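S.K.: With these hints in hand, go ahead and build the complete structure from the sequences.
Each chain is listed here by its residues.
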Amino acid sequence: MALNEEQQAQLLRHLNGELSPAEASGVAQLLKEDAEARAFLRGVAEQAVVVADVERLAQHREPAKVVRPVFSPVKWAVAAAIILVLAGSFLFTVQSVNQGHTAEVIAIHGPNQHLGADGVTRPELAPGAMLRVGEKLRTLSSRSWVRLKLNDGSYVMLTGRSSLRMIRDESHRAFLLRYGNLWATISTPEGAKPFSVLTETARINTSNAQFDIETKFQEISVVSVDSGSVTTERLSDGSQVEVAADHQTIISMSQRRALAARRQPEPVNQWNCKMLSSPEAVFGKWLAPNANNAVRLNATPLLIGKNKTIYAANFSVRSSGSPPVMIEKGSRFRIRLTTKTADPVYVGITTKKHRGGFFGKYTEKVEGDQLGQAGKTRMIEIPVSDFVPLDKSLSPSSVGTELTDIWVVSPKESAELEIHKVEFVAREVGQ
Amino acid sequence: MAPSEQGILQRLMSQRDRISAAAWLVVRDAHIAEDIFQNVALKALAKEVAFDSDGALMSWAFITARREGIDWLRRQKNAPVSLDETILELLEAEWASESLGQAGGRSQALRDCLSELPAKSRELLKMRYFDGQRCEEVAASLNTKLDAIYKRLSRLHQALKFCIETKLTQAPS
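Going down the list, the protein sequences come from chains Z and L.
Counting along the first sequence from 1, when you hit position 268 you're at 268 in my numbering, and nothing is skipped either side.
Counting along the second sequence from 1, when you hit position 3 you're at 3 in my numbering, and nothing is skipped either side.
No lab work stands behind these hints: they were computed from the structure.
Subject to a maximum C-alpha distance of 27 Å in a straight line, what follows is the list of computed BS3-like cross-link-like pairs (lysine-lysine):
| # | chain 1 | residue 1 | chain 2 | residue 2 |
| --- | --- | --- | --- | --- |
| 1 | Z | Lys193 | L | Lys126 |
| 2 | L | Lys43 | Z | Lys340 |
| 3 | Z | Lys340 | Z | Lys365 |
| 4 | L | Lys120 | L | Lys167 |
| 5 | L | Lys167 | L | Lys126 |
| 6 | L | Lys43 | Z | Lys412 |
| 7 | Z | Lys32 | L | Lys161 |
| 8 | Z | Lys274 | Z | Lys421 |
| 9 | L | Lys126 | L | Lys145 |
| 10 | L | Lys151 | Z | Lys32 |
| 11 | L | Lys161 | L | Lys120 |
| 12 | Z | Lys340 | Z | Lys412 |
| 13 | L | Lys43 | Z | Lys308 |
| 14 | Z | Lys149 | Z | Lys392 |
| 15 | Z | Lys412 | Z | Lys365 |
| 16 | Z | Lys308 | Z | Lys340 |
| 17 | L | Lys161 | L | Lys126 |
| 18 | Z | Lys285 | Z | Lys421 |
| 19 | Z | Lys353 | Z | Lys274 |
| 20 | Z | Lys306 | L | Lys43 |
| 21 | Z | Lys365 | Z | Lys392 |
| 22 | L | Lys43 | Z | Lys285 |
| 23 | Z | Lys340 | Z | Lys306 |
| 24 | Z | Lys285 | Z | Lys340 |
All values derive from a computational prediction rather than experimental measurement.
M.R.: Structure follows, in structure tokens:
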């Protein structure tokens, strides 16, 4: 039976998530019984993804606008003189207008995925590769990073498990950060477009700033500014706030709290990830409590490349609402966990400079014999001095920097790695 | 005969719109749906599963896309209410039973039809499905009533369906 317009609208309302439970149940019944209703829904879904695909390609293909000077023979002599005088600045202007929005990969670590504007997977990015409008970069593992140089001389870094797409915007050099961590040092030359990052909850614009963003889909975006200033807009209500140096703002969809920039709190030297009370800070799969552990976070499978899967849990210091946490000599990590095999577990940390940008990633391999009897919950302690840099370009020690996140990884599914508690403990007095 | 690695990728790419659409029905976000399709392709190539036939591959791809979508929803706080799994299975079975060879033609026809839409109609679709705005936000941006947005969207979807069918009928066989 052909669907009437009212039934079609009801299906669209369902997709928009605005039906009451009773209405949703009616729609479910309609879909079970009526092949036409299912065909309509399939058609809408196909059209939705193709609309998005076509728009992405359109953004990719649209040429940069070039301003063409008007030439008048009558005014040639005057124009020639002016051109001679202004040649330098004219050439500079044309050059900057002609430059498309591109980014060059200048450093990488760990697995990444490069998707063309047409949605096709490209070879993994390597230094020297170019990222263009419409293309997407995903860093696939907690240990990954990719550093980009924009063609206005600014730098952007994507770290951890993150997804970034270059998008076309008439008035900005724009990026869409779907999830993850972005670090930026922006210095926009005169005449060039300002820089913009769009997340699920916010738009962040700046011309000159060093800042970083941590975002987790619709849940939250944390913007911290170390120098310069950025303008943040909360997308749910359009409210804006200027975030100056040494300040940060947290943007969620909820409008219950006014959007405000707050001075970055003074650092502390210890941290306890209260996992249940700050789920925004945690990546992993919650399991029901059992007799041994009330808190059980299961490491989640992450496909990090062809034939490579790891099982990871991640804990963000900043999204937990904590002040900055300084890493001091003698500090240590205390992790309560359960693993069902004698395979090693890897613990890693990301660090940033105090009131500055990305510093590095460090890791420590905990051998199976240090994890106690397989299947038994165990507390492990790892001194910060045991961590080694993931890349030779990094400083050998993370002491003196700020801790931004911790991850715990097992390479084996059979380990069924569970995390129950994560703490960063200050050095003991007299140490 | 089991499809080769190249064959798997080709088959998945030829069904990209449908697999992404199946994921979209779960997550209601075209960008996330595309991520899910990419993950499905990576998993298929990771050889974690063996496929006896094209049919087995497609069936696995739809189920994997649905599971990835549901996993993603579980991680969200304000996730949309998903359709009942039995309905999703019905939709996937109908997608899978449609002629595999027809998918490429439908996909191109849909793209052609979109390019023929008036700018206003295309902007409406862009706001809803590319920008991911809720219908209330689209109505507010266009300064119109919510009901009018549903009516316009409903007619647009129908018009596109008709346009695709016309193009497929007219296409030389």
